[in-house]
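In the order they appear, the protein sequences are chains E and X. The number in the numbering used here is simply the position in the first sequence, starting from 1, with 6 added. The number in the numbering used here is simply the position in the second sequence, starting from 1, with 6 added.
In short, the hints are calculated from the structure, not lab data. Wrong hints could be hidden among the right ones.
Treat identical chains as interchangeable: a pair holds within one or across any two.
Said to hold, decoys possible - With a Cα cut of at most 20 Å, we get these calculated SDA-like pairs of lysine to any residue:
no.	residue 1	residue 2
1	Lys228	Gly173
2	Lys36	Ala172
3	Lys188	Asn156
4	Lys126	Gly149
5	Lys8	Ala79
6	Lys139	Phe66
There are 2 protein chains.
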Amino acid sequence: MKRAGIIGGMGPEATLDLFKKIIKNTPAKKDQEHIPLVIDNYPQIPDRTAFLLNRGEDPFPYLLESMKRLERAGVDCLCMPCNTAHYFLEALREQTQVIFISIVESVLEDIIKSDKEYRKIGLMATDGTFIGKVYHIPFEQKGLKIVDFNNDIQRKIMDSIYTLKAGELTKAVNIFNDVFVKIVSEDYDCLIAGCTEIPILLQYVKVDRKINIFDATESLAKHVVSYCLNQSVG
Amino acid sequence: MKRAGIIGGMGPEATLDLFKKIIKNTPAKKDQEHIPLVIDNYPQIPDRTAFLLNRGEDPFPYLLESMKRLERAGVDCLCMPCNTAHYFLEALREQTQVIFISIVESVLEDIIKSDKEYRKIGLMATDGTFIGKVYHIPFEQKGLKIVDFNNDIQRKIMDSIYTLKAGELTKAVNIFNDVFVKIVSEDYDCLIAGCTEIPILLQYVKVDRKINIFDATESLAKHVVSYCLNQSVG
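Chain E on its own, in the form it takes in the complex:
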């Protein structure tokens, strides 16, 4: 069994959600069959979107610091439950020998494996994820097209994410509920919960009609569990 390291705290609720999903996706009948994890919940990492909009401090040195802390703790693989932070993925990979499991590559693999033709993919994510082309580049490389929402929808998604980060769950859910109705009416073939705060909001939403939603956090959890269990006992 391998030990996974989590660069977390972006936000803490999203890290909690990944932790929960790793536990849920582990076929354990007693404590000792669960995966060893080191979670570096480091909420002081500066806001990723603010930086990509040229409005904030560079989070990269903090991400690197967290990665190095996890390396010292002896982790066998790395991941980070923050989609926007994946803008820095390749730069982080260049600084480590440890395998880094990407949330974007995890959900991309799950979408391809689902073996359906998705012509209109919607991405519920931060402005930073759009600006940084965190999803657009790898998806286009696989011939998959993300169709952006209009500005009004995107603004409300951002609003719901930052309201949740401020600890105002009920208000965040209300904002998200309103915008989700609009998203569903726009005939997307599937949606990606491509910000780790989105699955938390989705729990409270009543989906009006069948729409395929890929939860990037869930995909990441499954890929981490699979990597940690399939390896020889460490």
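Based on the hints, put chain X in the right spot on chain E.
Just chain X now, kept in the frame of chain E:
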């Protein structure tokens, strides 16, 4: 702000519960105001109760390994969301310079602060916590009396804890619900959720009448938050 280290994985669900309660008890309006944590989720730590019943491997070397991993990660204080593991608290404290916040001392302080006279205190905990006198000794030093349950109740509490650890939530809740009715009928002045799996089960229980319950995990979370926030910025 100080960084807290959590010796976790005993079980993972209990560690998740502490993490959730630390977030909930932090007055943060954005990610960056949350507390930095390093969580060492190490479920391979051998069963504490089994050891105290002379039936299993000694968990101490594993607890020490986890504590040293957290020290290397640079934490400013330590805690562990497992009451039974507090049998080893003083032995761990002897091996570190880092302040170790005790779950037992946290809830004991909260009970004393509540300024009510509790003559009959019930402790919902593992057999290991009873055998190791993890609560009995510090409580008696403060003049507080824990009145043990009868064998039938204690056996069912253990059963619910280990059924939850096996991932069978519904079954665990049913067992716990049955025994909780019996506990409530026995006129305790207050109850301590003194095993970190108990608050998870308590969420699903409809309490029939008013009974004061002290959640040791919640007490620990509050003490950790208070320690990390009250200190000068680190």
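Here is how each hint holds up against the structure:
Proximity of Lys228 and Gly173 under a CA criterion of 20 Å is satisfied inter-copy only: 17 Å between copies versus 27 Å inside one chain copy. In this assembly of identical chains, Lys36 and Ala172 lie within 20 Å of each other by CA distance solely across copies; the values are 5 Å between and 36 Å within a copy. In this homomeric assembly, Lys188 and Asn156 come within 20 Å of each other (Cα to Cα) only inside a single copy, at 10 Å, whereas the closest approach across copies is 58 Å. Only within a single protomer do Lys126 and Gly149 lie at most 20 Å apart by alpha-carbon distance; the minimum there is 12 Å, versus 68 Å between protomers.
For the homomeric pair Lys8 and Ala79, the shortest alpha-carbon distances inside one copy (13 Å) and between copies (19 Å) are both at most 20 Å. Only within a single protomer do Lys139 and Phe66 lie at most 20 Å apart by alpha-carbon distance; the minimum there is 17 Å, versus 48 Å between protomers.
Hint compliance for this structure: every hint is met.
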